[in-house]
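**Student:** Turn these sequences into a full structure, and let the hints steer you where they fit.
Heads up: the sequence lines are chains A and B, in that order. Take the first sequence: its letters are residues 1 to 165, numbered as in the numbering used here. Take the second sequence: its letters are residues 1 to 502, numbered as in the numbering used here.
Treat the hints loosely; a few may be bogus.
Below, in silico cross-link-like pairs of lysine-lysine (DSSO-like), each with a Cα-Cα straight-line distance of 30 Å or less [said to hold, decoys possible]:
| no. | chain 1 | residue 1 | chain 2 | residue 2 |
| --- | --- | --- | --- | --- |
| 1 | B | Lys283 | A | Lys131 |
| 2 | B | Lys125 | B | Lys4 |
| 3 | A | Lys120 | B | Lys173 |
| 4 | B | Lys202 | B | Lys283 |
| 5 | A | Lys131 | B | Lys106 |
| 6 | B | Lys202 | A | Lys137 |
Facing chain A, from chain B, some residues (calculated, C-beta under 7 Å) [what the hints assert, rightly or not]:
| no. | residue |
| --- | --- |
| 7 | Glu188 |
| 8 | Val350 |
| 9 | Pro351 |
| 10 | Thr353 |
| 11 | His358 |
| 12 | Ser359 |
| 13 | Ala463 |
| 14 | Ala470 |
Honestly, the hints are just simulated from the structure, not real lab data. Where is the CB? At the ideal position from N, CA and C, for every residue including glycine.
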Amino acid sequence: MKYITTIDGQEFQIEVIDERHIRIGDRLLQVDFESVSGQPVFSLILDGKSYESFVYQGEEDWQVLLRGRLYPVKIEDEREKRLHAAGGGGVAEGGEFLLKAPMPGLVVAVPVNEGQVVEKGQVLVILESMKMQNELKAPRAGKVERIRVKAGESVEQKQTLLSVH
Amino acid sequence: MFKKVLVANRGEIAVRIIRACRELGIQTVAVFSEADRNALHVRYADEAYLLGPAPSRESYLRADKIFEIARKSEADAIHPGYGFLAEREDFSAKCVELGIVFIGPKPSSIAAMGDKAEARATVIKAGVPVVSGTEDVGNMTNDDLLSIAPKIGFPLLIKATAGGGGKGMREVKSIEEMPTLLASARREAESAFGDGNVYLEKLVEGARHIEFQIIADTFGNVIHLGERECSIQRRHQKLLEEAPSVFMDEELRKKMGDVAVKAAHAVDYVSAGTIEFLVDKDKNFYFLEMNTRLQVEHPVTEMVTGVDIVAEQMRIARGRQLSYTQEQIELKGHAIECRINAEDPFNNFVPSTGRITHSLIPTGPGVRVDTGVYPGFEITPFYDPMIAKLIVWGETRAQAILRMRRALEEYRIVGVHTNIPFHQTLMDSHRFMGGQFDTRFVEERFSMDDAMETRESHAEIAAILATLVAHQQSERSAHVFRREERDTSNWKWVGRWERMHR
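**Tutor:** And the structure:
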């Protein structure tokens with residue numbers, strides 16, 4: 001299987017030939033690849049050099065934490081790449097912005113009201129988590145549409161708190 | 001002479017205290033919230049009792065329940081650790097009243113140092129230098145503070161009188177932004193300490209945060225165990241501490257140590273405590289506050305002095321003299337502590353929660369890890385994000401840094417994000433290596449992104465790793481699919497076989 005793997009705009013053509021061999025560009029490499037006790041920690045021995053890293057699957061991309069550095073990685077196989085090229089177009093900009101809880105916690109205050117016009121950087125919600133109060137701010141100007149939480153409520157991570165239009 | 005200690009805390013510090021008790025042959029009683037049933041301190045203690053639901057207010061802050069458990073378990077001493085009830089005068093006073101030994105200072109010392117405004121007044125009387133600010137004790141209204149602010153001058157700091165750990169603290173650059181910041185500081189202080197009182201202090205620019213560990217016995221002996229450098233902070237939360245400080249020389253150490261001892265004497269101090277100072281570029285130093293408890297960062301002092309501070313606290317609480325005189329305290333080598341927090345350094349240090357599925361703790365020469373978590377343990381949003389302290393010792397600061405780098409790379413925690421990559425980046429920073437930093441360094445002159453740019457890139461290796469994992473995953477899902485196909489045919493095969501043998 002052939003893959004096109006992108007890190008920071010740099011493309012790598014990687015072909016997985018079998019369990020022991022890959023081709024990157026036109027180089028044939030011998031790999032010894034193991035998951036460490038079934039965890040997202042992986043050990044790779046590549047031509048005698050030993051590496052260990054965390055590999056997580058994010059929402060859109062993969063994340064590799066290797067020697068203290070984080071690499072966001074995009075992986076497409078040949079078919080996906082063709083599909084994307086054919087599809088084209090971007091995601092619609094603007095519209096509604098949903099403020100989501102970046103972490104689980106307790107809503108301390110919601111210093112805005114529905115229908116209120118807010119500026120960029122204005123505090124929308126104060127969320128307490130792990131003993132710290134975090135001010136969640138508006139990423140752009142707009143009008144507060146719907147407030148779905150109130151002070152004193154516990155929220156889950158990624159729960160929608162309010163929307164700004 | 002007490003025989004059984006109730007540890008009124010959780011996490012790594014509860015484990016640390018239980019360890020000291022075990023070594024001294026003292027029985028231990030753990031208390032825990034519903035979220036901590038499987039915590040390490042519960043597993044290590046001789047006895048363990050449930051306090052209540054997960055939120056601190058309903059568990060670790062319930063003094064009444066803790067006293068009830070002490071009575072039931074016949075514990076004759078209480079160690080409060082840090083945070084929670086550690087600096088509550090009423091808690092310490094209640095211990096005295098009930099005839100339970102409080103392993104810490106007297107209620108009067110906690111009161112004198114606990115209210116930051118009163119602490120300033122006390123040490124000023126003892127001739128200890130302080131940063132200029134509001135000298136008034138007690139309830140100052142926003143109007144009072146707003147009228148005094150221009151006299152102190154900007155930039156200044158709003159600080160919680162009941163404060164500590166950077167909570168309820170705000171930096172103010174101008175009078176215009178002050179009302180909003182006052183409101184948010186009071187709100188945070190109210191929620192953290194149940195007391196929304198604040199005071200003002202001039203912001204010393206380019207300052208280092210250097211603190212002195214002191215220990216005092218009931219015979220009036222007070223000694224200091226040298227300093228700790230705690231300037232590496234983010235949002236007023238310490239992230240890394242070391243001992244000794246690169247900024248210190250023998251003369252300054254002697255001068256500041258004497259002042260620290262003087263401040264402790266001023267409040268008739270007993271047990272372990274810390275005097276925090278701000279030190280400016282010209283080596284002028286100012287009293288900041290006294291922490292009347294064991295500190296998170298006490299291990300770095302233990303590593304360079306060889307003194308077991310918790311064991312010494314037990315000894316003092318048992319009414320014995322200090323094991324050391326000032327002359328016997330010698331600083332040997334260099335120690336660094338990295339606070340390992342469950343937070344994502346690549347995403348604005350957002351706290352991270354979840355179950356720890358895998359953990360590989362660094363070991364080897366000169367490495368110590370104090371932690372309360374292990375694989376299978378759940379990190380909840382109810383408590384502090386600090387899940388471990390990684391401490392190393394080296395003969396020199398350079399050796400300690402190299403050792404810390406090695407240990408950080410070995411440390412694997414899976415299940416939550418941690419700030420280990422932040423510490424790795426810091427260890428590679430030239431300014432850190434050169435000892436050129438103040439309390440603003442992390443926030444103003446350090447960026448994970450910039451550091452990432454200069455770090456050696458292994459992009460190709462990362463690409464190979466991610467591709468192999470993705471490939472393995474798609475292969476595996478294909479396998480499952482194929483197995484289902486075969487299963488169907490197996491059933492067909494069984495059907496035929498049964499028909500044949502009917």
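**Student:** Going through the numbered hints above, which ones does this structure break? Give me the numbers in ascending order.
**Tutor:** Of the numbered hints given earlier, those the structure breaks are 1, 2, 12, listed in rising order.
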